[in-house]
Amino acid sequence: MIKRNLHVPIFIVTVLIALLFSCSTATQKEEEKRITTYNCSIKAPVDQVVTNAGIVVHFTSFVRDIVEQLEFIISGTYGTTVLPIQLDNEQFKINIPKEITQHAGRINWQLIAGGKTIQKGDFKLFSNTNALKTVENYLGPRSIIANNRDYTMLVSIPVDSLDNLLPDGTNVSMRHQFKGVIQQEIHRVTAGFTWHKINSPLITGRLITGSTLNNISSTELVADVFPDIARPFKIYEDSNHNYADGNEIISIKTDQIKDPNGNVMSDGTIVTFFMTDNFNQRWTTTASTVNGYAFAKALHPEKPSTWTVRGVITGMVESPEIEIKFQSILKEITIQPQESNTIIVGPLTSYLGQVVPDGIQVSLKLNDKEIILKTKKGIVSHTYDSKTILPGTYELKVASLGVTALKAIDLK
Amino acid sequence: MQTSKTNKYLITAVLLGIIFHGSSMFFTIEKTYDALIHLFFANHYATSWFEPWSYSWYTGFTVMGYPPLVHQTIGVLSLIGGLKFGMFTIALIGVVLFITGVYRFTKVLIPNEKVAGYAAIMAVFSSCFVETLHIFGQLPSVIGISILMHALPEIYKWLKTGKKIYLFKSLGLLAITVTSHHVTPIFGMVFFIFPLIGTVLMDAAREKVDNNNEVTIFAFAKALWTHLKRIILFGICSLILIIVCILPYWINTKNNPITQVPIPHGSRDSFIEVTSSGLVFFIIPWGILLLLLPYFFYRYYSKRLLFFGISFSILFVLGTGGTTPIPLLILGENAFNIITLDRFTLWASIMALPAFGEFCYRFTDGDYKELLQKKWGAVIHRASGGFLAVTFIFIAIFTMTLGKFRPSQPDPIKMQPIVNFLNEDDHDKWRYLPLGFGDQMAWLSAQTKATTVDGNYHSARRLPELTSRAVERLENSKYRGIEGLGSLQQFLTVPEKFHLKYVFSNDKFYDPLLYFTGWHRLSLLENGITVWERSGIAPLPSILPKDDVPLFQKLMWGIIPFSTVIIAILLYLGSMWFNSYKDTKEKQRIYFTVRPTSQLVLKLLYGISLLWIGVMLFFIAYMVYGFYLKKSAQISPESVVTAYYDALDFKEFERAHSYIDPSSKKEISQFMLEISVTDGLLSSYAKMDSISVNVMDQTNFTATGVASISWITPLKEIKTRDTLSIKKEKGKWYIIPKNVDPDIPPDQLMFESGTRFFNHGKRKITSEQTFHEDVLKQPVVEVVNASLIQRDTTFYIVGSIQNVDNIPADIAVTGAIYNKFNEEIARYNAQDIVKHKLLAKETTPFLIEFNSSNDPDRPFEMPEIFEIQVKANVATTDLYQAVALSQIHINNSKLTGFLFNPSIEAATIPQLLISYYNESKEMLWTDAVYVDESVRPQRKRSFSIQLPDMEQPLLLSSNLLNVSVNGLPNKSIAVKVNPNRNTAGTDEFLIPVTGLSYSYISISTNAYIGNPR
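Protein sequences appear in the order of chains A and B.
With my numbering as the guide, the letters of the first sequence map in order to residues 1 to 412.
With my numbering as the guide, the letters of the second sequence map in order to residues 1 to 1013.
So here's chain A without its partners, still in its complex pose (with noise of 0.2 Å):
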C-alpha cells in the first residue's frame, strides 16, 4: 500500500529534475567546409530613384552547388543587413527589400562566399523630386518679445512621398504675416533643410507662418510677439472719502502700462504697491494688470495719517510716489460714569455723528498693562478683575482712532 501511494510524488519528482535539466541543452557547431574557389557575379544596381517596391539583383553568373555559402551584405542609412538569395525559374536573385530602398543615400553591398568578399560596389537612392510630398515646418521660439533684440526661427524640411529629404539648392518659399503684412523670401535647402530668422516686430500681435514648395505646403505655424519690458507709468487713488475709519476700501490704480514701443503689458503681469505712513508702517499689495491696469485695494487706516504710495514692477520701472492723507473721524473719545470695576468707553462717534463701523480697537492702559477692545455699536466695556489689580485710584489711559484720552478711575 505505501510502495503504491509513493508512485506520484516520485514520478512528480522525476518529471520535475527532467524539465530541469532540459532547459540547458548544448548544440554543437558545424564543421566549416572550405572551397576554394567562387565563380559568382552579380549585375551591379545602378544610381536610381528611391522606391517602395523593392530593387531586384539577378546574377550573371552562378555555380549552382556554392548557393548556399553566398551572403549580400548591404549597408544603407538605416543600417546593415544580411539578404538571402533565393531561386525563382531556375534563376537566382537578391530581393532588396522596400524597407532599404525607400530611404534615399548611398548603399554599399558585398557579395561574399565563404568568409571571403567576391564582388562588391556602392549604389545611389535619390529622392524622388518629381512626387514631394509635404514641406516640414518648425518654429521656434514660440512666442518673443517686441524688441530689437528678439526673434523667432522658421525652419522648412520639403520631403518626397517617401519621406526622403531633398537635395540640395531645392528653393523653398517662406512667408510670414504679421499685421496683414506678409513677406516672402526663397531659400536654398542646404543639407536637407533651410531656415529664415524672423526678426520680432515692435508691435504686439500674432505672426503666422508657412512654406511652400512647387505644389506642396507646409501646416501653419504661429509665434506670438508679447509686450517688451514696461516703461515708467504713473498711480492715482481713488475713494469714496478720505477718513481714517478703518472700514473703507481705497484703489490705487496704475495708468495704461506699455512697453517703449506702445504695447500694452500682456494681462496677468504683476504690479506691487508699496506703501508707507508717517508711523512708519508699511503696506504691500500686488494686483495684476487687465488691459495694462491694475488695481490694487486696501483698507483705510483707523487713525489720521499719510501715506507714500509707489507702484513698481520689480527689478524693471516703478511709478512715481503719490501721498494719500487720511483724516480723523474721531474729535474726542466719551467715556461714561464709572459704576463699581466696569469701564465702558463710547458711543464713539464719526464725522457725520454717526457711529462707528463695529470693530473698531479701542486700547485700555492701566499701569503699562494694555488691553485691546472692539467697539459694537460704538461701545466697548471691560471690568478690572479686583483680585489683579489692587484697589486705589488709577489713571487709565484710552486710545482709539489716532485720539487719545485720561481718566481717573477708582478701583475697588
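Watch out, some of these pointers could steer you wrong.
[What the hints assert, rightly or not] Below, a list of computed lysine to aspartate or glutamate pairs in the DMTMM-like style, where the Cα atoms sit at most 25 Å apart:
1. Lys365(A) with Asp741(B)
2. Lys369(A) with Asp743(B)
3. Lys738(B) with Asp358(A)
4. Lys387(A) with Glu729(B)
5. Lys971(B) with Asp150(A)
6. Lys377(A) with Asp741(B)
7. Lys374(A) with Asp661(B)
8. Lys325(A) with Asp987(B)
9. Lys777(B) with Asp267(A)
10. Lys762(B) with Glu220(A)
11. Lys971(B) with Asp224(A)
12. Lys377(A) with Asp743(B)
13. Lys253(A) with Asp987(B)
14. Lys365(A) with Asp722(B)
15. Lys387(A) with Asp697(B)
16. Lys179(A) with Asp774(B)
17. Lys894(B) with Asp277(A)
18. Lys374(A) with Asp932(B)
19. Lys666(B) with Asp358(A)
20. Lys374(A) with Asp722(B)
These aren't lab readings, by the way, just hints derived from the structure by calculation.
Predicted model only: the values in this text are computed from it and were never measured.
Once you've looked at the hints, dock chain B against the given chain A.
What follows is chain B alone, placed relative to chain A:
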C-alpha cells in the same frame, strides 16, 4: 481522513462555520488590513505566473518575499470568477480547514470524539480566529495554521507507528503550510511539533508501564531513544521541505536582508499603557478564554501534555508584547522588531481550544456538570452556562463588527474613475501616489498597470527614502507624525526622480502640503478623489530596471507550491481509495482517555478558577468604570476643557456645544455658524497630537483653564495656548464662550475682474505624442541672485527668481552642491520655501536645504561650487493673489501686522516668505511662516512674528555662474530679456531692522486657497 463514523458535532461545526463566516465575510474581508494586499499579489500571479518581479509598487519589487501558494490559488480562481471570487473562496476554504483542523488537533491532545466535536464548535466562534480572518484578513496565516493542525495527527501517527504513509502525509501537509506562510511552520515547529513529539514519547513511555506514576524521566528517555530515528528522519525531512519548497524566498531574504528601520506595531506596545492595543491584541483574541486560564494551565501541565503546557505558557507570554520585558529578552532586539507579536496570541488561543472544548464538554455533559449542579443547583449551573455561551458568541460578533465601531479604513472608494483616469491619454506612463486610501491602495494597484512609489508590503521596500524611516506607507503618513510627513515631503519635493506625476488625494489633510510643494489640482473625480498634478515630469522610460533571478528559481516558484497541493490531494485520495480507514480500534488504543483526577486537585482548581474569574470580573468592571469616567466629561474643569477640544478635533460640534455654558444663550445654530467661518491650517488641517490643561484661579464655581495643545499639520507642528473661562452650574462644569470678532467687512457686494488662463494640452484628440504646434514655449524665468549658505553643518542655496516672461510660470528649482573635485555632494529641490506659481514679472525668494541626515554614513564635505537648474512650465492655476500685507511694523525684534484679503476668495492658509539680508543687501536666508487661521474676503487677520535672533548664516559664495533655466544659461536670458535690470522696488521691499544679526528683511505672500470658486 475521517473516521468511518461521522461525528455529528463536527458536521454541525462545519455547517455553522460556513453559515456564520460565509455570510459575514462579504461585509468584512474587503475592509481588513491584509486581504487586499493578498489580492494584489494574486493579481500579479494571475497576469504573470512565472515572473517574480512586479513594477507596481516601490518602483519595482520581487514577490518572492512572500510564500506564493495562497496568492497563486486566488490567482487561478480569479480566472474563473474574478479576484474577489478567488479571495472569498479561499477564505471559505480557510474556515472549513480551520474548523476541521481544530477537530483533528483536539483528537491528538484529548483523544475523545465528543471533546473534539465541542472544540470544533468552539473554534467557529473563537474570537482570535474571527479577528484574524475578519479584522486582519490574514488568509495565508489562517490557511497555514489550519493545515499545520491537520498535519499534527499524521506526525503523531508516524512517530508512534512508524508507518511511512503517515510520514509522507505529514510532510505533504507541511509543504502546503510552508508554501502558504513561512512563519507558521518555523514557529509551528517550535510551539506545536516539539510538544507533540514530547506527547508521543509520553504516550510511548506510558504504554510500557502500568500507571501514570511510573512514567519517570528514565522511562521517558528510554522512549526517546527508541523513537529517535523517526524523530530525526522527520526533522531532517521537514527541514529540507522548509528550505526547498520556498528556496527562492530564502535566497531573496539572504540577498535583500531587511535592513529598514523598524515600523511600530501595536502588538509590541505595553498593553497597559496603550489600552487600544491591549484591546485589539490581547483582550479580543483571548475573549472568554481569559476567564478559563487556570483550567488551561491545569490541563496542559498534566503529565501527558506537559510539553504543550510549556509551549502554551511561552506563547502566552510572547503574546503580551511590550507589557513585560520577557518577549524582548526571548526574541532578541532584532526579531522583536520585525515579527508582529499578535500571531503568538493567535497560536496560544488556538492551542487553548482543545482544552476549552474539553471544559465545555465536561461543563455541559460530563463530570463538572454533576459536580457544579450539586454545588450550585441546576438553575445557576444552567444560567452560568447560558451566560458563558452568550458572552462567547457576543464577543465573536463584537469582534467581527469592530471595524464598524472603530473604522480602521477609509470608506470604500470606487476605483473605476481612477482606473479610467490612469488609462486615459497615457496617464499610466507616469507613477502615481494615492493618499488617504488605507489598504484599498492595494486594490487600486491590482486594477491598473500604472505604477506607484508607495506600496503595501513594507518588507519589500527598497528606496532609501522609505527604508530609512519608520513609515509603513506614504499613503497614511499623517499617522506617523512629523517623521511620516517628512518622508512624504521627500517624494513630493523631488517627484521627477521617481517620475511621479499624479497624486490621488482622498484626505484633504495632505492638500496644503501638495500645494506648497508645487502641485496643483487637476480635477475632482466622480468618486470624490482629487487629482493633483506636477508639471514638467518626464514619463517613465519604456524599459525599467529589475533584479532578475535565475530561471530555476522562477520555475521552482511557479511550480512547487501548486504541486504540493496536488501531491497532498493525491496522497489523501490514494489512502481513501486503497487504504480506507479500517483500524479504528487500533486508533483508540493509541490515544488515552481522560482520567478522573483526585479530589484535592479538583478542589484547588475550583478555588483558583473562582478566584481568577472574580479578579477578571473586577478588572472588567474597572475598565467599564474607566469608560464611564471618560464619557462624563463635565466632572472637573480639566476634563471639560479636554473633552471640548477632543470634540472639536473630531468635528463633533454638537458634543462640543453641549459643553458651552447654557446661560450664555449661545444656540447651536449660532455656534455652528461661528465654527463654519473659522477655517485655515489649525481648524481644518490639524490633528490634535497632545493636550495638557492647566487650571488656575479655581473657586467653587469658576476657574480659568489654560489648554496647551500641540497639533500635527501637514506643514508644521503647531503649539497653541488657549485660555478659557470655566464655570460650574448644577454640578457640571461649562465653558464660557469667547466673544466673536465684531469686525465687519466694508462692502456687501464686491466686484472683481481679473485674468484667468487655460491650456488645451493636446488640441487634436489623439493619444499620439503632443504635436509640435501644441507644445508651448517654456516660460522664461531669471535667477536674480543666488548664494551658497552654511548654517552649522548644513548647507543651503538661497536666492530669488523672477518670471520675466509675459505668461505665468510653474517653476521647479533644483540645487546641487559639489566638492573641489567637482563631485556632487548633494542634490535637492526647493520644497515649500518658494512660490511655485508665478505671474508675469512676479518674483519669489527660494531656499534649498541639503539635508545630510538622509545618509549618516557620508563624511562631511565642504562644497566649493553650487549649481541651480530651474525648470519652468506654463502655469494656469493657483495664481490668485489673495492676501496683502498691511500695517507691518517692527518693534525691536517683534514683527506685527495684519493680513488683509482684498480678493473674493478665502485665503485658507496664508504663507509668508520672509527673507533676511545683510547690510549690503545680500540675501542670507529665507524662511516660510504659515499663518494658522484663514483670511476671508475683505477681512483682516492680525499676526505677530518673533524675528529669530539667529547667528548670521555664513555666506560661502554668491554668484550666478552655474545657473541654468530650462537648460539655457541664466546669463543669456538676463542679457536678452531684461538687459537693463535696475533696483526698482528694492528700497520699498526691504524693511530695515535694528539690533539683530541681519539688517533688512523682506516679506512675500502666498496663499493656499482650499475651496476655489
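Okay, the hints, checked on the actual structure:
As the CA atoms of Lys365(A) and Asp741(B) are separated by approximately 21 Å, the hinted pair is consistent with the 25 Å bound. With a C-alpha separation of about 23 Å, the suggested pairing of Lys369(A) with Asp743(B) holds against the 25 Å cut-off. A C-alpha spacing of about 17 Å is found between Lys738(B) and Asp358(A), which places the hinted pair at or below 25 Å, so the restraint holds. A threshold of 25 Å between alpha carbons decides the hint, and for Lys387(A) with Glu729(B) the separation of about 22 Å falls inside it, so the pair holds.
Simply put, Lys971(B) and Asp150(A) have alpha-carbon atoms about 15 Å apart, close enough for the 25 Å limit, and the pair holds. Between Lys377(A) and Asp741(B), the direct Cα distance comes to roughly 13 Å. Compliance with the 25 Å bound is thereby established for this hinted pair. Note on Lys374(A) and Asp661(B): the hinted pairing holds, with a Cα-Cα distance of about 23 Å set against a maximum of 25 Å. The suggested pairing of Lys325(A) with Asp987(B) holds, with an alpha-carbon distance near 22 Å, which does not exceed 25 Å.
At roughly 18 Å between alpha-carbon atoms, Lys777(B) and Asp267(A) fall within 25 Å of each other, so this suggested pair holds. A threshold of 25 Å between alpha carbons decides the hint, and for Lys762(B) with Glu220(A) the separation of about 16 Å falls inside it, so the pair holds. For the proposed pair Lys971(B) and Asp224(A), the alpha carbon gap of about 24 Å is at most 25 Å, so the pair holds. Proposed proximity of Lys377(A) and Asp743(B) is supported: the alpha carbons are some 11 Å apart, at most 25 Å.
The hinted pair formed by Lys253(A) and Asp987(B) meets the criterion: a straight-line CA distance of about 21 Å does not exceed 25 Å. Restraint check: the Cα-Cα separation between Lys365(A) and Asp722(B) comes to about 23 Å, which is no more than 25 Å; the hinted pair holds. Taking the CA atoms of Lys387(A) and Asp697(B), the gap is about 10 Å. The hint holds against a cut of 25 Å. Taking the CA atoms of Lys179(A) and Asp774(B), the gap is about 22 Å. The hint holds against a cut of 25 Å.
Between the alpha carbons of Lys894(B) and Asp277(A) the distance comes to roughly 19 Å, so the proposed pair stays at or under 25 Å and holds. Restraint check for Lys374(A) and Asp932(B): satisfied, since their Cα atoms lie roughly 21 Å apart, inside the 25 Å limit. Of the pairs offered as hints, the one joining Lys666(B) and Asp358(A) holds, with about 20 Å between alpha carbons and a cut-off of 25 Å not exceeded. Between Lys374(A) and Asp722(B) the alpha-carbon distance is near 19 Å, which keeps this suggested pair within the 25 Å criterion.
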